[in-house]
Amino acid sequence: MVLPALVPAVFVVAGGVGAAAMQSLGLMPLVGPVRFSADAYTGQAEDLFRALGLSLAIAAVSTVIAAVFGVGTALLIVGGRWCGRILAATSAATVTIPHLIGAATVGLLLADSGVLARVLGVPPELWPSLVGGPWWLAVVAEYAWKESAFIALIVAGTLITRVARFDEAAALLGATRWMRFRFVMLPLALPALAISSTIAFVYTLGSYEVAWLLGRTYPEPLAVMALRLFNSVSLTARPEAAAAAVLTTLVSFLVVGACFWALRKTALWR
Amino acid sequence: MLVGLGAVVSLTLGACAAPAPDGARSEFADWNDVIRAAQGQTVKLWMYGGDTQGNAYIDDVLAPAVAAEGVTLERVPVTDTSDALNRVLSELQAGRTDDGTVDLVWVNGDNFRTGKEAGAWLCDWTNLMPNLALTAPDDPLLLKDFGTPVDGCEAPWNKAQFTFVYNSDVIADPPTTLAGVLAWAEAHPGRFSYPAPPDFTGSVFTREVLYSVSGGYENVPATFDQDAYDQLTPKLFERLRDLAPSLWRAGSTYPANEQELNQLYADRQIDLTMTYGPATLTDLVASGTYPPGTKVLSLEEGTVGNASFLSIPANAASSAGAMVVANVALSAGQQLAKAHPATWGQFTVLDPNELTPDDRARFDALPSSPVVPSYDVLSRSANPELAAAWVPVLDEGWRTTVLAGR
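One line per chain: the protein sequences are H and C, in this order.
Read in numbering that gives the first Met the number 0, the first sequence has 138 at position 139, and its numbers run on one by one without any break.
Read in numbering that gives the first Met the number 0, the second sequence has 279 at position 280, and its numbers run on one by one without any break.
If we strip away everything but chain H, and leave its shape as in the complex, we get:
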């Protein structure tokens, strides 16, 4: 039954990853002889590690912020008052905005001579370096904003179907707001929160356009590095680009694997 859906997915994923792995190992050169070698990895090991560290940091910080705001928003949506409905509508609208548009918007808003700086009347020299600054603040802000809406919708979706009964039961038994959040809402939301956070994390790790538009030229995250090398005019840089891409893929698989392993250990999985 699932075969028609499985075959193209396997073809694209396995074929694409396989081709990238082969390119990174020198087995698919654009010019020159086919020769197996790990030069694309070892030759730029230092750059790869620096890029990996930066990518993980950006993804981790923006995912944590997105998760906190996402759960808060989800609770307000589930609360069901009028502000919940407004929040649900704005979250749904936010999810539909492409990251590229989001990045351009955040750039226009937060740049040195951007809209916010002009509205507040701060001259460019005094405005903090949010775009292209040393702490990647505009990049983190964009991912946190977009992904918090995504996490909010997923978590609200799971909570809304079953939370009311448990919540009312706990309230009747005399649980305070905090206790209901800690012992009812959070455990119920946890699997959905973990899965949506992992999706957000892995997406951030592999995405390139936001970091490229709002980040700085050095150091660079893995995805930006892979694209720069892929577009490089020297034909020998393609294996290095593929190496960066393969590393991103491996780390993503590890993170997804770890998430599922941890979820299986929780009681709610069953």
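Careful, some of the hints might be misleading.
Cβ pair distances, simulated, as ranges [unchecked claim]:
(1) H:THR104 <-> C:THR51: 15 to 25 Å
(2) H:VAL11 <-> C:ARG95: 16 to 26 Å
(3) C:ASP150 <-> H:GLY15: 30 to 40 Å
(4) H:GLY31 <-> C:ALA186: 43 to 53 Å
(5) H:LYS264 <-> C:THR51: 55 to 65 Å
(6) H:ARG34 <-> C:ASP29: 54 to 64 Å
(7) C:ALA182 <-> H:ALA91: 42 to 52 Å
(8) H:GLY52 <-> C:HIS187: 33 to 43 Å
(9) H:VAL11 <-> C:SER167: 55 to 65 Å
(10) C:ALA186 <-> H:THR104: 35 to 45 Å
(11) H:VAL114 <-> C:THR100: 30 to 40 Å
(12) C:GLU353 <-> H:GLY52: 42 to 52 Å
Don't read these hints as lab results, they were simulated from the structure.
All C-beta atoms, glycine included, are put in the ideal place defined by N, C-alpha and C.
On the provided structure of chain H, position chain C as indicated by the hints.
Same frame as chain H, now just chain C:
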């Protein structure tokens, strides 16, 4: 099973790798054959899409002229020419050898060289074009493209001159040499920057500084040679590292491309900028984007000049149509229209001596701009470009020494 299938897929892809190294040769015997084969073809021209005047020229002037010859011209905007080259290389790698999606590319320099090395361009076709006779046969800018012999693999289209631009309302007494520009930047911290190579403009700027610290372009061998690189570049990178603290944001980051740099200039965050397309300045000043005091800075030692070309990929689906487009683009009428500052203001590749007296008079009658001097003035003592092999090495050297060195 997944792994097995993946391996099969990758092997099939792998089997098609490595295109022919010598490129494809045109199979047309004469121009009439080309015209006949081109009828009804649609040509996809891949070109840098960030220049609204250039886009408007293609859509409103060149496309109708080409349509009169029976060919439809479609413009495909790209952010960087290497996107088009990468598309061609990927298609060739995947075994798509005669129905490629790219028919014509606006190209020069290292993209041309890389494509030529990989056999990605169609060669030996420019001599078929009747309008090639309007160019000077011995024009050095048209015979070699950044040191790579053209060999009939691309048709000349534009000439360009790298230009520094300054705000004369702020800088009353502008520097007259590149060394002076760098000294001015150090005297005025935060008011100057340059795009990070491998951006095209940033890359030219580092080559200009290389000429300057080496005592002129004569002292830098045009063909790449590792000894010359080892001997000359320490001075270059040292100069740029010393300059960095005086740049915009103290050199802790750089604009990623010419647009970002010029945005800083438009926002009055810097007072000196640079461009390979001085033709656009007139419009930018007139529209109020650039400060009214904007002027072109002429340097005593001159600046780098080059030509850009139209190239047909070896796997182009409509190669005959692409040749017709290149020929029309090279006609006196099109080159004249393109050179008009109100249209695009791109300098012509034609030789005045090969033109009819009428056409020559029309070129002479082109209006001059209050901001930009004419090509003759701009290109006075023009410096030659270094061989394309220098470019990636210098870019990488800058990235690891100047950018990472802080």
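Taking the hints in turn, this is what the structure says about them:
Taken as a hint, the range 15 to 25 Å holds for the pair H:THR104 and C:THR51, whose Cβ atoms sit roughly 22 Å apart. Taking the beta carbon of each, H:VAL11 and C:ARG95 are about 18 Å apart, inside 16 to 26 Å as hinted. The hinted range of 30 to 40 Å is satisfied by C:ASP150 and H:GLY15, whose Cβ atoms lie roughly 36 Å apart. The hinted window of 43 to 53 Å between H:GLY31 and C:ALA186 holds, with their beta carbons roughly 49 Å apart.
The hint said 55 to 65 Å for the Cβ distance between H:LYS264 and C:THR51, and at roughly 58 Å that hint holds. The hint said 54 to 64 Å for the Cβ distance between H:ARG34 and C:ASP29, and at roughly 44 Å that hint is violated. The hinted range of 42 to 52 Å is not satisfied by C:ALA182 and H:ALA91, whose Cβ atoms lie roughly 57 Å apart. A hinted range of 33 to 43 Å for the beta carbons of H:GLY52 and C:HIS187 is consistent with their spacing of about 36 Å.
Between H:VAL11 and C:SER167 the beta carbon distance is about 57 Å. The supplied range of 55 to 65 Å therefore holds. Here the CB-CB span from C:ALA186 to H:THR104 is close to 38 Å, well matched to the stated 35 to 45 Å. Our hint of 30 to 40 Å for H:VAL114 and C:THR100 holds, since their Cβ atoms are close to 38 Å apart. A hinted range of 42 to 52 Å for the beta carbons of C:GLU353 and H:GLY52 is inconsistent with their spacing of about 60 Å.
Violated hints, in rising order: 6, 7 and 12; the structure is consistent with all others.
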